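Chains R and S, in that order, are what the protein sequence lines are. Read in my numbering, the first sequence has 334 at position 334, and its numbers run on one by one without any break. Read in my numbering, the second sequence has 384 at position 384, and its numbers run on one by one without any break.
It is worth saying that the hints were derived from the structure and are not from the lab. Wrong hints could be hidden among the right ones.
To be verified - Partial list, computed: chain R residues near chain S (C-beta under 10 angstroms):
1. Arg244
2. Tyr245
3. Glu247
4. Thr263
5. Gln294
6. Gln334
7. Pro372
8. Thr376
9. Val424
10. Gln427
11. Leu589
12. Ser592
13. Val627
In this text, all values refer to a predicted model and were calculated from it rather than measured experimentally. Note that beta-carbon positions come from the ideal geometry of N, C-alpha and C, so glycine has one too.
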Amino acid sequence: MALDLQPPSERKRVKVYELKENDWFDRGTGFCTGKIEHDEPRIYVESEDKPVRTLLETKISKDGGYQKQQDTLIVWTEPNQTDMALSFQEAEGCAVIWNFVNNVQQHLLNVAAGDDALSDDLEHLQTVQLPPAELVNLPDIDHLMRAASITQAGRDALSKCVIRDEYIHKLLPLVTIAEDLESLTDLHRLCNIMKSLILLNDTTIIETVVTDPVILGVVGALEYDPEFPTHKANHRQYLADKSRYKEVVPIRDPNIRRKIRYTWRLQYLKDVVLARILDDPTFSVLNSMIFYNQVDIVNHIQSDGPFLKELFSVFDPRSNDAKRKEDAVQFLHQCASIAKNLQVPERATLFGNLISHGLFAVIVFAIKHPNPAIRTTGIDILVALLDHDPIMMRSYMLKAVNEKKTPLTDTLIDLLHTEADLGVKNQLADAIKVLLDPQVPLQAAMARAGPEQAAKMRSNMLSDAFVQNHFDESSKRLFAPLKRLENESGPYDLTFKDVALYSHLVDILTFFVRQHLYRCRNVIQNERLAAYVTLLLRVPQKHLKLTALKFFRTLLSLQDTFYQALMTHNDTFGLILDIVYETMPRDNLLNSACLELFEFIKREHIKPITLHVVGKYGDKLRNITYVDTFQGLILHYEQLQGYSEEADTTLYSQEETPVLKTTHNGRWQGVKEMDPAEEEYFNTSDDEDEWPQDRATGTLVSQVPNGAVSPSVKSLVDYPDDDEEDNDAMDTKPEPEIEQKDESKQGEPNEGAPTDDAEDPPSTPIQAVQTPPERLSEKRRREEEDDDELVKLTSGPKRRSSTSSSTGTAGLLRKKRSGSIGSVSVTDKGTAQATTNAAPKRIAINLSSSTKAADTLDTTADENEKENQNDGGNGEG
Amino acid sequence: MSDLDRAIAQLRACRLIPEAQVRELCYKARELLIEEGNVVCVDAPVTICGDIHGQFHDLMELFRVGGDVPDTNYLFMGDFVDRGFYSLESFLLLLCLKVRYPDRITLIRGNHESRQITTVYGFYDECIRKYGSANVWRYCCEVFDYLALGALVLGASAELEPSGPFYNDTTQSTMSTTDDGELETEVLNSKGDVTMSTYRPRQRSSLDNGAPSPTRDPATLRTGAPGTGASSSGAGSYSSSRTGAVLCVHGGLSPLIDTVDKIRLIDRKQEVPHEGAMCDLLWSDPDEIDGWGLSPRGAGFLFGADIVKQFNYKNDLSLIARAHQLVMEGYKEMFDGGIVTVWSAPNYCYRCGNVAAILELGEDASNGGMVTRSNGDIGRSNGILTGTADKAPLRSPGRRYRVFEAAAQDTRGMPAKKPVADYFL
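Extracted from the complex, chain R is given alone in its bound form:
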């Protein structure tokens, strides 16, 4: 006897009611007893008139919502959602039955709480006792499962029961029977039951589900979704199709073969069968099961030497089995995509193993394949490698160059030039970007690889000069097609292919310039690349124009004298103004992009450019009146001309704003902390004769009109203290210590904005920019938030409004701080540039004569202003 409860044996007179359409329907009068049958507590009511007839027979469940009302009434909800009531003749009778119900419930709850110490004793209580798997019981089973799924304890108990009884196996024959009977109701119930079982989120159950004898039955039931009563999915057909599994080289271990199959089924369950109904916990259980399987599979494969050997021998040039080669590429592609999810060490071993067996040859085979789909796949593998470890890939490439072999980059570049498939071309361009990206130095790679690897790498280590040389050579090769622009009478009849190629090339060049402005100087200078890109501003293809425009916009944002000189030499601005003229006053993307560029010059007060543009194209500018951008530029120009020495304070303080702002336009993210390679570059370049660009820059600077106020000055003005102390150091090269120092000063409010902005007519845009939305947040956070969005919004707006009101101010303060950090690092950059490019002595003089006191004043004023704007909450006041 499981329940040591004494069911009330006395019969209590009672009326049975059922709630039908909001009315209590009298089902008759009878005598009520409690009983325990088959370990199930039940309530019986026998009819008063005909004692044989049972008016009510109900099982007391944990969650029937039993209530005692007014001493004589017990109300509850049946599993089929019917509301029932027992109205007792006497309060005493009601109390007896109520007592019984209460005790039973107490008991069930204790069991459900799953106290392990007690569970052995209580297990045979079988709180979740499933009726035999028969069609007639399906409604009960369905209900029981739903009910049990509500609490965690119930789920655990149900899982145990299902596993112990191998209940899934017992259910499977019902699917076939129900299908034979064409009983849609039963099939729908089975579907619900299977859903409940999977959503129990129990690894053992899910593992059972995907095994050979079970899977088809389970997805068979899931084909009959009651939410889509007129539809039937065809999961079985898909999963039964054995031809979907391709085996290039047989995997001998049956265990692994099984794992592969199960993983595939899990993925199908996750993506197709359950996609709509998966809750987050089950989703992650499925994902982690897939993950662990994949780890096992990949580990097996890479440790199976003979297997790998056989796999790579497929690519033997003597073999003619083209289909098999393609399949092998696909196989490796799948390995690579699985590897993306692995942890770094495991991934590294896998890739290392594959590479040592000849993965590069496979990549080259694939990217030269006549079928674009295979080419795409090949580059995908390459990109996976690049994502994994760009440094490793670059060192392989440099090694090849050193050994006078054709490096992968050359192959890729040649392909990029000739590739007809635009998708593949796109991928090639991306791969080249990463592979040639000179940003990451080898030293850092060594440090990361650990001492043992580092020793190995050191032997392969190539001098920086060599790296630079390779970059120059490759870039020369890469950008060579741009030279064709010169030969053609005008860049006016480009083929579709040319246009695609040029836009990729300019895009890559823009990327290089942004990532690393020093490395590409050589090639830009020697190959006159800027001049060619300038030509592209005249092509009829607007998106190509736009790409060229983006390149110059990037040059501008670098605020580097070398690049500024390039732009002023090539009549670049004349051509950009031509575009403005062509498009104005129509409002389109090109027009906006041009306006944004000039707006940037105006906003940042880039003196040499302002002087050049207004000086040379003043008339053109004056004729553009539909926006105030150009008037603003002219005004600024006149100020520059009008005041000289006395106006310095004003000018300097005006220029502090850009330092603050450059971080806000989102384009500065490419500039990172100075890396060792860059430093090394600084350290070496001065003494080496082969790098002429510094001297070239020197002369260029002097060519800039009014060179005394070259933009490099302004970056330094913000840091009077540093400058005084570190003048000597900065004369030669920036030391890491300086950087640290600057960082330590980030708290200082040095993002001062001009107080005289208000008097300045064209300053409206500046004011608007003074409350820029600096962001603490990173992508990840946004993702999380966005994920929350759904939950949040469905659960009503309360949470949102309360957070916003309370965190509003604090958030803005935080943001402000982050902004100042950003500006400091950017300024560092400017400082570094300044020291190499311009004459530092002059800077020192300027400093001593100018702005220390004004600086602080300005800053406080600005702080107040910002505060006001934030609190007042609107930019326009």
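Chain R is already provided as a structure; the job is to place chain S on it using the hints.
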């Protein structure tokens, strides 16, 4: 039948077009979109739609309820992709329609039209799954970069024509037009039955829910109106009966943007940045706060009624229409009708249980079809604020919301992702 029409037919049947055709389509779309300003000007009548999120069958339902392209002019406010299982079919169909009927359909960018977001919320995976490589995703992302950031609806009528043949509640209609003033908003269910109407009342004191501010008062109040208890500004003369323009953006306003013209100074061809004006337009939300607040989304801002009021006043707008937030009723007007959220993905994510809505703005025929270009590309402001002191008050456009539910199950099939074709591991 042209290739394009064939592609449209195929996509309408929820079948994908070949990769080469997608590339071609994206190329054409790019040529078209590059000519559009950051803020596209659209003439009424137009039907404004919110988020779609890859719910293809519900998009079909939307067209059924709102009328088909090109018979109805549409303006979609972004978030075509992610979440739902048919982002590709939905976006490609919209893009096809855009290329086929450029003047009939306007697409602007939502925060999900971004490389970063789509890699996380499903569109990227869907492309890989359905086309086997990321190429189509790349093409689409390229198009995303060209999408306009907002739209300005001009020439919307202040008065709604009572919705003719479908109009059931005839007694109320005749009663109210005479007694309560002109029809201002109307809500229809997917069968075309009117479920709710509001009128511009004669007396300001009798305003109930959705009370118009003085700037939105009907022309009949021109005389004698000033000073009758209006608490807000602008109680000047009622010399104009024109409606202001309607600004449509995906998210909302930005502290960096105080005039619509400022939006035109953005170089929009880029990935949606993490901050700045462009980011805010796509990410911000209105909220019951004063001024600006930090957004819990981590991008964009929250902005209050005062911001909306000032922005609308300064830019001659009578309404801002935006999407971006799930609203269970499909639409939600806030801040005295100064801003409305339109949400067009019913039963969002196949489980939220919400209804969807589209917003119809009628054409103002009273002015001989002439459109007042407020902030259009003609007569653009010169950047210096002029004459803000005595601006004529604007009336809000008449707004007809059509509310609809998720497509009937027999028309949609079971939403599911496409399984991978073959596997090796």
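Going down the list of hints, with the structure as the test:
Taking 10 angstroms as the C-beta contact cut-off toward chain S, the hint placing Arg244(R) at the interface holds, the least distance being around 5 angstroms. Taking 10 angstroms as the C-beta cut-off, the interface hint given for Tyr245(R) holds, the closest approach to chain S being about 6 angstroms. This hint holds: Glu247(R) has a C-beta 7 angstroms from the nearest C-beta of chain S, less than the 10 angstroms allowed. Evaluation of the Thr263(R) hint against chain S yields a held restraint, the C-beta minimum of about 7 angstroms falling below 10 angstroms.
Residue-level restraint check for Gln294(R) holds (minimum Cβ-Cβ distance to chain S is 7 angstroms; threshold 10 angstroms). With a least beta-carbon distance of about 5 angstroms to chain S, the hint placing Gln334(R) at the interface is held under the 10 angstroms criterion. The interface hint given for Pro372(R) is met, as the beta carbon of that residue sits about 9 angstroms from the closest beta carbon of chain S, less than 10 angstroms. Below 10 angstroms, beta-carbon pairs count as interface contacts, and Thr376(R) has one with chain S at about 5 angstroms; its hint therefore holds.
Proximity of Val424(R) to chain S holds as hinted, the smallest CB-CB distance being about 8 angstroms (cut-off 10 angstroms). A cut of 10 angstroms between beta carbons decides the hint on Gln427(R): the least distance to chain S is about 8 angstroms, and the hint holds. Contact between Leu589(R) and chain S, as hinted, is supported at the beta carbon level, the nearest pair being about 5 angstroms apart and thus within 10 angstroms. Taken as an interface hint, Ser592(R) checks out: its beta carbon lies about 5 angstroms from the nearest beta carbon of chain S, inside 10 angstroms.
The interface hint given for Val627(R) is met, as the beta carbon of that residue sits about 6 angstroms from the closest beta carbon of chain S, less than 10 angstroms.
Of the hints listed earlier, there is not a single one the structure fails to meet.
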